[in-house]
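J.: Letter by letter, the chains look like this.
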Amino acid sequence: MAERIAFELNGETRTVEVAPDTPLLYVLRNELGLSNPHFGCGLAQCGACTVHVDGAPTRSCSLPVSQAAGTKVMTLAGLGTPEHPHRLQAAFIAEQVPQCGYCLNGWIMTAAALLRDTPHPSEQQIRDGLSGLKCRCGTHMAILRAVRRAAQAA
Amino acid sequence: MTQFSIDRRSVFKGAGALVVSIGIPGVAAAEIGKPVKPALSPDQLDSWLAVKADGDVVAYFGKMDMGQGVDVAIAQIVGEELDVPFERINVVMGDTAWTVNQGGASGSTGIQKGGIPLRNAAAEARRVLVELASQRLGVPADRIEVTDGVVAVSGDPARKLSYGELIGGRYFDLAMTWNGKIGNDLVAEGQAKPKPPSAYKIVGQSPPRFDVPAKVFGKLDYVTDIKVPGMLHGRMIRPPVAGAVPVAVDDGSVQDLPGVRVVCDKGFVGIVAEREWDAVQAVERLHVTWSEAAPPFPEMAALYDHIRQASVVKREVPVATGEIDPAFASAARIVEAEYEWPFQSHASMGPACAVVDARADRATLWTGSQKPHFARDGVARALGLPQDKVHGIWVPGPGSYGRNDAGDAGIDAALLSKAVDRPVRVQGMRYEGHGWDPKGPASIHRARAALDKDGAVIGYVFESKGFSRIDIDTNESDPSYSLAGQLMGLPLKSLQGFGVPAESYGFASKRSAWETIAPLLDRGSPLRTAHLRDPVGPQIQFASESFIDEIAAATATDPLAFRLRYLKAPRDIAVVKAAAERAQWDPRPSPRPDRSGDTLSGRGIAYAQRSGAVVAIVAEVEIDRRTGKVWARKFTVAHDCGLIINPDGLRRCIEGNVVQGTSRALTEEVAFDRAKVTSTDWLSYPILDISETPEAVDIVLINRPELPPAGAGESSIRPVAAALANAVFDATGVRLRRAPLTPQRLKAALA
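Chains as they are written, first to last, in my numbering: chain Z, 1 to 154; chain B, 1 to 751.
No lab work stands behind these hints: they were computed from the structure.
Careful, some of the hints might be misleading.
Unchecked claim - Below, simulated DSBU-like cross-link-like pairs (lysine-lysine); rule was C-alpha separation at most 35 Å, straight line: (1) B:Lys577 to B:Lys747; (2) B:Lys493 to B:Lys266; (3) B:Lys389 to B:Lys37; (4) B:Lys219 to Z:Lys72; (5) B:Lys227 to Z:Lys72; (6) B:Lys181 to B:Lys195.
Can you make the complete structure from the sequences, with help from the hints?
T.: Next up, the structure:
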């Protein structure tokens, strides 16, 4: 049965009426019309669906929306804008990271939390902090350059 | 999102303007001025580019960019020939109503072949514009010069006209010469001769990608983001045993899910629902009784024996020079080895997605396929509609490295949409992305070398035997080449094809051959094969370039010196030397003498030609003896693809090739049991993790303006696996002849 569930999305309170076991990802994409985050695996294995829930990088494909009730959810679109880019977004542009770009969401959102908690990470901390995320196009080298660049911009 | 109406093609006029909402930049007919554009045909200049009233230029590209910036290169080429700044070129691609079929993304020919008509069209447009200006300004054409889209009289810059003033608001309405072909080999040309490379100002620069900001800010719509009014969410149900067909489908098992409908036709089983999550749940709950199908596959452990023993369906001997048999008969020594390469998966970041709105008399397809024109043709055939009644719209998809599952999703969505009479969005689940995408073929490779008493190679034989590279064609233009079609009983028409090493070793006698065997199942199979990035290139060159090192080692020769002794083509020699020099290659035979300690290090070299490009790679590895784990610490790549259009884009393209190639060499292997593919997620089909990424990929670009640009999308993936295997041998003295080079295999070999 559908329930009314409210949470804050990119700074605005949103209320949806959905089955409470619906993954947050589906609610963000279908009920709330976001074209980002993405469905990659539905298994919390790739990170394409990553959002911040109360600041924590979270795989939204595997979080029932009921558990997001009352939280603050932030997506890539809420992280920064072309006018006010997050330093990671600026760095990913400067390094021209994408191949297909479908996975970018996971890297940037995960790295944003990493740099927030560890403003000057070592190379090993960057690699460990991003481990587990997937990029099939193989942009790993450019991703690492972009995260290093953003860290230096802090 | 950009709203624009597609109303150019007469077919859509009878039905009224078809308004779609997509994320592709376009130009409405009204912006150009003339209400009717000439019919979309390769022999019309207007099919290739348009000048808007404000002087901006739209280039219509009938190939695709799959994430490497090919569209940027096309804009550079067009801007260069037109003398219009890069920033004012807008590239429209992948829409069947706006672009001619140049074959989509195919064999890294986006620039190599796809750029040719665009270059010609832009040169022809410039010629016409200069002619127009000459008439309007009353001076001969040879007294006209063009700067940034403005035509002025030489020495009198006040007398000028912009392209916008000259043609903006009108079509050229000018015929070009077309060679009558569609696809990769389409060529159209005008009277104008393109510029010589010595005059290039935009080509050779590195302007940034168009799509990066939108992707980085989460603003870009992928095919997965297409939403059409009235759209239902579809999911497919695949057989648990390959070859099984449904004998009973219990609709009641999903009755409690709102609005779920089941569509079943022979082996095609799908469901649709109003809400996506209901569709996902319905797939899990739907009770289907499947036929008792005999498991069609060999045990995975017996895969290579199966290949060895299987009857040969087709054999070709593309290379045969010199007298092979006498060479081996007189040999002082014979070196032999056999190599094995597994099935590999495209494993794109997202499972395939497509949206189709099928009506009684027409249809619209939104697809991430790299060949949207052919995808359109396939949907038209699946729906029984004339080709020109189907509008195909490409929207970026979740990664594409060949004929992946995107080619199947369009047909799935079309059949579901037709069945339920609503637009349907189909997206696969992860187990379909890995489990049911078409696979790169498994193969074995046998190599033999005859050496004379001085260690010179007098005979060389290289033979591959494997599954065909194309159980399904390179594109989905016919339902028989789709999973849906094959599950519904259309026969699998395996096109037999493989390949031979691409190199220029001048051995005294030489034979390179291939043999293909029958597919494991004659219908929709999770192990059917199709083109995966650099089709059969990595496996063949893994074997051939490993074997070159084996001959070098057998004669205690430095692997670099051995290659340089036999290589014939000057460009091949140049890249091999360039990579070795940059990597500060230490000339000595492999393996390295000191192989003690828990951390072993080594270096290997390999090289390959590919369709006009040539690449050499030096790999440097570190190996943990206790675990057998290989870290590809550093690559040095020397790359020659002729004229370079965009050096920075090329570097990132090479990096992607090297990282993906490392992944395929070290970790990727499709697992299966007798009934099905069992590597169905990222845990069972791991790819290279960021923590395993090389610390450096050092790239030497060799620019050859005197040569036409060749493709770079796949050439540098080809020698990666062999460079790594050769480095592993150098470090350990162990020759791994089965890919991937997993820790388990190396640890066992080191024990």
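J.: Give a verdict on every hint.
T.: How the hints compare with the structure:
With a CA separation close to 33 Å, the supplied pair B:Lys577 and B:Lys747 stays within the 35 Å bound. For the given pair, B:Lys493 sits about 19 Å from B:Lys266 by alpha-carbon distance, which is consistent with the 35 Å threshold. Between B:Lys389 and B:Lys37, the direct Cα distance comes to roughly 19 Å. Compliance with the 35 Å bound is thereby established for this hinted pair. Using a Cα cut-off of 35 Å, the hinted pair B:Lys219 and Z:Lys72 holds, with the two alpha carbons roughly 21 Å apart.
Distance restraint check for B:Lys227 and Z:Lys72: the Cα-Cα separation of roughly 26 Å lies within the 35 Å cut-off, and the hinted pair is therefore satisfied. A threshold of 35 Å between alpha carbons decides the hint, and for B:Lys181 with B:Lys195 the separation of about 25 Å falls inside it, so the pair holds.
In summary, the structure agrees with every hint in the numbered list given earlier.
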